[in-house]
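Asker: Note that the protein sequences, when read in sequence, are chains A and B.
Under the working numbering, think of the first position of the first sequence as 162, with each following residue one higher.
Under the working numbering, think of the first position of the second sequence as 29, with each following residue one higher.
Since the hints were derived computationally from the structure, they do not count as laboratory data.
There is no bait here: all hints are sound.
Here are the simulated DSS-like pairs of lysine-lysine, each with C-alpha atoms no more than 27 Å apart in a straight line:
#	chain 1	residue 1	chain 2	residue 2
1	A	Lys364	B	Lys308
2	A	Lys207	B	Lys308
3	A	Lys172	B	Lys308
4	B	Lys86	B	Lys348
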Amino acid sequence: MSRLAVPKTYKLYIGGAFPRSESGRTYEVLKADGGFLANAAKASRKDARDAVVAARGAVGGWGGATPYNRGQVLYRIAELLEGRRAQFVAEIEEAEGVSRAVASAQVDESIDRWVWYAGWADKFAQVAGNANPVAGPYFNISVPEPTGVVAIIAPQDTSLLGFVSAVAPALVAGNSVVVVASERFPLSAISLAEVLATSDVPKGVVNVLTGSPAEIAPWLASHSDVNAIDLVGAGDLDWISLEIAAADTLKRVLRPESGPDAAAPALGRISAFTETKTVWHTKSLR
Amino acid sequence: MSGTSLVTARERALAVLGGEPDDATLGRYLHGFAGVDAVGLEQRAAGLGTRSIKTSSKKRALDLIISLIDLTTLEGADTPGKVRSLVAKAVNPDPSDATTPRVAAVCVYGDLVPYAIEALGGAHGDPDDGLISVAAVATAFPSGRSSLEIKLADTAEAVAAGADEIDMVIDRSAFLAGRYGLVFDQIAAVKEACRRPDGTSASLKVILETGELVTYDNMRRASWLSILAGGDFIKTSTGKVQPAATLPVTLLMLEVVRDWHLMTGQRIGVKPAGGIRASKDAIKYLVTVAETAGEEWLQPHLFRFGASSLLNDVLLQRQKMTTGHYSGADYVTID
Chain A
162 MSRLAVPKTY KLYIGGAFPR SESGRTYEVL KADGGFLANA AKASRKDARD
212 AVVAARGAVG GWGGATPYNR GQVLYRIAEL LEGRRAQFVA EIEEAEGVSR
262 AVASAQVDES IDRWVWYAGW ADKFAQVAGN ANPVAGPYFN ISVPEPTGVV
312 AIIAPQDTSL LGFVSAVAPA LVAGNSVVVV ASERFPLSAI SLAEVLATSD
362 VPKGVVNVLT GSPAEIAPWL ASHSDVNAID LVGAGDLDWI SLEIAAADTL
412 KRVLRPESGP DAAAPALGRI SAFTETKTVW HTKSLR
Chain B
29 MSGTSLVTAR ERALAVLGGE PDDATLGRYL HGFAGVDAVG LEQRAAGLGT
79 RSIKTSSKKR ALDLIISLID LTTLEGADTP GKVRSLVAKA VNPDPSDATT
129 PRVAAVCVYG DLVPYAIEAL GGAHGDPDDG LISVAAVATA FPSGRSSLEI
179 KLADTAEAVA AGADEIDMVI DRSAFLAGRY GLVFDQIAAV KEACRRPDGT
229 SASLKVILET GELVTYDNMR RASWLSILAG GDFIKTSTGK VQPAATLPVT
279 LLMLEVVRDW HLMTGQRIGV KPAGGIRASK DAIKYLVTVA ETAGEEWLQP
329 HLFRFGASSL LNDVLLQRQK MTTGHYSGAD YVTID
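Use the sequences and the hints to build the structure in full.
Answerer: Okay, structure coming up:
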């Protein structure tokens, strides 16, 4: 007798919890061959709004943590990813219809990339910051600080690697993020959220929405409480309009990228979501 | 609006009670009600909370909420400067939108009333005229633990300083010990202390502190007691005790107010205070008021929200409706 299939429903990840969409909508995620794979929540603009509220609440704690602490927390996620690699490999195999070797390579690269960014947490300020020479008996120091809430349209053509490549650098500097996952391959993003929920990342630091980027992105781009938007995966959308909407509230914007090198690891992805604070301090008072 | 005259209030109480308002008579009367159906009450409140209010109705509801707010600051750390900034916000809640209505009143500690009045200047007056009243908490707020003399002096001082409304706390200790006569006499005495030399009277809000009364039966008894003793408003909480205002408690108090109106023709106000932070929740209260006491209660002399952070949330919602995109905390003033 055959066993009844128990397909998993993938929910959203907002404020450390896994709610269904406020709208009650779901959509079918299909395998590469067109067969049914799973149901995923189809987020609405109100889910995006709730995610921004959660992210705003988390900025103080995460951005205020020491860079060393953030590095430790991020590295711990890489450890947990490693422990769940079989699950991620199987998901990618099914969703993208690739061989086990190709799926394994994607998971390996995702974990390596996460470790690479984790390492930068307590080092990038030394590179991006500076002690400026000034004509007076003062120290003049520039340091990068987190810009706040970063909205991300994740790359649409990969399951895990694109998601990791966009999310990790924004977290390094101490931002909290609202990510719209790949519409076609959302499952790895939610599985990664399950990893985050059981790691030391404070709730609200990462919020994951699944559904239609074309529907959600305009609300995030025009939202006054979002400080920056990474349009890396928005190449197929009307991203120029998104950039214009983002300009209305002076958001920092990263433009779409495509191809195998999209969102390649770079220090620039970290410093894109920082604000430079410059302070003066007297050198000595004799 | 000046409060009800004391003589009428006492005469009315005597007529309703059929005797002197002492412990025994009040006890018999207040314990004569059938018990509150707690499950039914909470279900009714939850049902009223499911109404969906959209677009133009929502816009009207948001404006109404603002005009019903008692913008409150009740901290030990309140300074004259804090009161001035509170008043500035009350007069002009959203500097980016001149169509935003003003709040009904500012609510401060008694000693800060002169600063509030000075800061309000020409904007001080009756909310019916688009002006802003000054409410003061008195009677050893929030605990109510002091002698009657001190409570009366506290009240008289705030009234003399120019407060239009007095928010008093009931003596929960006496109430829970069953000394209803004492609670009645104290409320009546404070009501007397609300009189001004010119014969008018400051409006009296009676805070039941429902979080400390524990049962719905107690809350209903306290509501009746406060109205019998001459309160113009019954208010849920001080905001210093959890749980503060909840929808079922407010519904229960509105039912008492409705019953009193059917019985005597007099309209008593209701003020939920503490814990109402989201516009969505505030709209549920509006629905409850309209469905229980009636739409004529949706005006500043019969219904108020005691709140501070609620105003900012309403302003954010209002901005969202005006601009079409979500707003953020950076676009409203901090308070």
